[in-house]
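Trainee: Listed below, chain by chain, are the residues.
2 protein chains.
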Amino acid sequence: MSGTAARYADWLAVAVEEARAGRAEGGVPIGAALVGRDGRVLGRGHNRRVQDGDPSAHGETAAFRAAGRQRSYTGTTMVTTLSPCWYCSGLVRQFGISRVVVGEARTFHGGHDWLAEHGVEVVLLDDPGCVRMMTDFIAAEPALWNEDIGVD
Amino acid sequence: MSGTAARYADWLAVAVEEARAGRAEGGVPIGAALVGRDGRVLGRGHNRRVQDGDPSAHGETAAFRAAGRQRSYTGTTMVTTLSPCWYCSGLVRQFGISRVVVGEARTFHGGHDWLAEHGVEVVLLDDPGCVRMMTDFIAAEPALWNEDIGVD
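Here the protein sequences come in this chain order: A and B.
For the first sequence, the tail end lands on 152 under my numbering, and the numbers increase by one without skipping.
For the second sequence, the tail end lands on 152 under my numbering, and the numbers increase by one without skipping.
Honestly, I wouldn't trust all of these hints.
[Said to hold, decoys possible] Partial pick of chain B residues on the chain A-facing surface, computed with a CB cut under 8 Å: (1) Thr61; (2) Trp86; (3) Arg99; (4) Ala105; (5) Phe108.
[Stated by the list, open to error] Restraint-style ranges between C-beta atoms, simulated for each label pair: (6) A:Met1 / B:Gly129: 56 to 62 Å; (7) A:Glu25 / B:Ala6: 42 to 48 Å; (8) B:Ser98 / A:Asp126: 31 to 37 Å.
It is worth saying that the hints were derived from the structure and are not from the lab.
The beta carbon of each residue, even a glycine, is placed where N, CA and C say it ideally should be.
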């Protein structure tokens, strides 16, 4: 594994840890972390729809929030277990986050192509563990999943 | 004023009240409300970047959060004092919010055209009071404004 690939795998492991924690709490298993240009994790978090009754707390927005106020997002990376939905893709574009590392986009295809078109570096890892985690969750909790992505 | 225009003006008044409360707290003066299909306000809020040190709390996301979990957003309206940024536009698109009523888009042009292209009903009120509120704020706090929209 190249140094870059190993770095992405390390970051994804943080997001997966968050996703698993969320599932253990009875929630939606999507986790994310915002990583600084120096490779340090600035903030990490997971979906908290169920835990906090908060529909605005997606994995990516939770990680962004946990990182607190930043003067610039240039050079930062959002790593997430799942392709970012439009809400989270909009977050990445608005704040100028430079790179998105995506665990998988098989179970849900969000806005990562749109981000790539608008100059964000998108790395799609197609991680089998991430696919399995979401496949199992969607099978177990289809109504909760549809609620989380705004499907009537 | 038609019944519809009066209704939009009433909703905008709620968003403006939120924006003013935010400014009085030393924050970014952008407010919003999520209105149900029956015209009842489901949630209202304002930008809380300064107050809570929370960069994820835009007016629209605060209103969405305050409304709590909803099974469907069909027929709902997001009313906001300012054109929604990409982050907040993504929220509207992802959750299938049907209509966006925008106070003004002169001081900031966000994603409302994109939302219209994707089937969201967009109503631009071009309200002079909203324009003045943002013009005064941007003149007084340019660095804070740039931080809020991710401009380096």
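Trainee: For every hint, state whether the structure bears it out.
Mentor: A quick look at each hint next to the structure:
1. The interface hint given for Thr61 (chain B) is met, as the beta carbon of that residue sits about 5 Å from the closest beta carbon of chain A, less than 8 Å.
2. Among the interface hints, the one on Trp86 (chain B) holds; its C-beta lies about 4 Å from the nearest C-beta in chain A, closer than the 8 Å criterion.
3. Look at Arg99 (chain B): its Cβ only gets to about 15 Å from chain A, farther than 8 Å, so that hint breaks.
4. Checking Ala105 (chain B) against chain A by beta carbon gives a least distance of about 15 Å; that is not within 8 Å, so the hint is violated.
5. The interface hint given for Phe108 (chain B) is violated, since its Cβ lies 11 Å from the closest Cβ of chain A, which is over the 8 Å cut-off.
6. A beta carbon spacing of about 58 Å between Met1 (chain A) and Gly129 (chain B) agrees with the range 56 to 62 Å that was offered as a hint.
7. Range check, Glu25 (chain A) to Ala6 (chain B): Cβ separation about 45 Å, and the 42 to 48 Å hint holds.
8. Between Ser98 (chain B) and Asp126 (chain A) the CB atoms are about 35 Å apart, so this pair conforms to the stated range of 31 to 37 Å.
Of the hints listed earlier, those the structure fails to meet are numbers 3, 4 and 5, in rising order.
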